[in-house]
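**Q** Sequence:
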Amino acid sequence: MQTIDIKSELLKKIDSYKDYSVYLQRELTKRPAISPLSGGEGEYEKALWLESELKKMKFDSIEWINAQDKKAKNSIRPNIVARYKGNKSNKTIWFMSHLDIVPPGEMKLWKTDPYELQVEGDKLIGRGVEDNQQAIVSSILVVKAMMDMNYRPDFDIALLFCADEETGSGFGADFI
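When we follow this note's numbering, the leftmost residue of the sequence shown carries the number 127, and every step to the right adds one.
The set of hints was computed from the structure by calculation and includes no laboratory data. Please note: incorrect hints may appear among the correct ones.
[As the list claims (entries may be wrong)] Pairs of lysine to aspartate or glutamate residues, derived as DMTMM-like cross-links and limited to a Cα-Cα distance of at most 20 Å, are as follows: (1) Lys211 with Asp280; (2) Lys182 with Glu167; (3) Lys133 with Glu242; (4) Lys211 with Asp186; (5) Lys249 with Asp145; (6) Lys144 with Asp282; (7) Lys197 with Glu232; (8) Lys156 with Asp145; (9) Lys199 with Glu232; (10) Lys133 with Asp280; (11) Lys249 with Asp141; (12) Lys156 with Glu177; (13) Lys144 with Glu256; (14) Lys211 with Glu177; (15) Lys270 with Glu153; (16) Lys139 with Glu242; (17) Lys199 with Glu167; (18) Lys182 with Glu171; (19) Lys156 with Asp280; (20) Lys196 with Asp300; (21) Lys156 with Glu189; (22) Lys237 with Asp248; (23) Lys270 with Asp282; (24) Lys144 with Asp280; (25) Lys181 with Glu135; (26) Lys181 with Glu171; (27) Lys156 with Glu246; (28) Lys199 with Glu189; (29) Lys196 with Glu171; (30) Lys156 with Asp239; (31) Lys270 with Asp145; (32) Lys156 with Glu167; (33) Lys270 with Glu177; (34) Lys144 with Glu171; (35) Lys184 with Asp257; (36) Lys270 with Asp186; (37) Lys144 with Glu242; (38) Lys270 with Glu179.
The structure displayed is predicted, hence computed values, not measured ones.
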């Protein structure tokens, strides 16, 4: 398949995933991943759910890189790397996003529960939907389209889902 054809076909395939993208956003939104520095438990529950979704997709490998943090649930701040092998493995394209979100602020300012996704037409509302779950979902959809089309590029694709971006990255990108 020529490059222009594959790009067009991938975009069509991704466009067909609207319901799946809303599902991903809904599941991610209901799992708040707030840093212990901001009064939360960290990213553990969100990472567990995400790993189960990545396993269903059959990524070639899924690796947890855990930063120790006694204040977090299970004393870890999880970072996940999911790899989709290409035809040649001498290059890797990385998609990086983060699992954590900021606290919702004053609850009275929310019209609905910030951890329950609201869909208004094509608009999604919920804590973390834009920062940074849109990047999590987008990166997953790109690889899902390739998998569903049985397409392997000439490079590996690695999805990096980091902890701790909202409070300094010491347990996330800097740790890795």
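**Q** Please work out if Lys197 and Glu232 have their alpha carbons no farther apart than 20 Å.
**A** With a Cα-Cα distance of about 23 Å, the restraint between Lys197 and Glu232 is violated, given a limit of 20 Å.
**Q** Please work out if Lys249 and Asp145 have their alpha carbons no farther apart than 20 Å.
**A** holds (13 Å)
**Q** Lys144 and Asp280 were given as a pair; does the straight-line alpha-carbon distance stay at or below 20 Å?
**A** violated (27 Å)
**Q** Lys156 and Glu189 were given as a pair; does the straight-line alpha-carbon distance stay at or below 20 Å?
**A** violated (23 Å)
**Q** Please verify whether Lys144 and Glu242 have alpha carbons no more than 20 Å apart.
**A** It holds: about 18 Å lies between the C-alpha atoms, which stays within 20 Å.
**Q** Are Lys181 and Glu135 close enough, with their CA atoms no more than 20 Å apart?
**A** Not OK: Lys181 and Glu135 at ~24 Å, beyond 20 Å, violated.
**Q** Tell me if the straight-line CA distance from Lys196 to Asp300 falls inside 20 Å.
**A** holds (18 Å)
**Q** Verify the proposed pairing of Lys270 with Asp282, using a straight-line Cα cut of 20 Å.
**A** holds (14 Å)
**Q** Against the 20 Å threshold, does the CA-CA distance of Lys270 and Glu179 hold or violate the hint?
**A** Holds: Lys270 and Glu179 sit about 11 Å apart, inside 20 Å.
**Q** Given the hinted pair Lys181 and Glu171, is their alpha-carbon gap at most 20 Å?
**A** This hinted pair holds, its Cα atoms lying about 16 Å apart.
**Q** Is it true that the CA of Lys156 sits at most 20 Å from the CA of Glu246?
**A** Holds. Lys156 to Glu246 sits at ~17 Å (cutoff 20 Å).
**Q** Does Asp145 lie within 20 Å of Lys270 when you go C-alpha to C-alpha?
**A** holds (14 Å)
Hints 2, 3, 6, 7, 9, 16, 19, 21, 24, 25, 34 and 35 from the list above are not met by this structure, while the remaining hints are.
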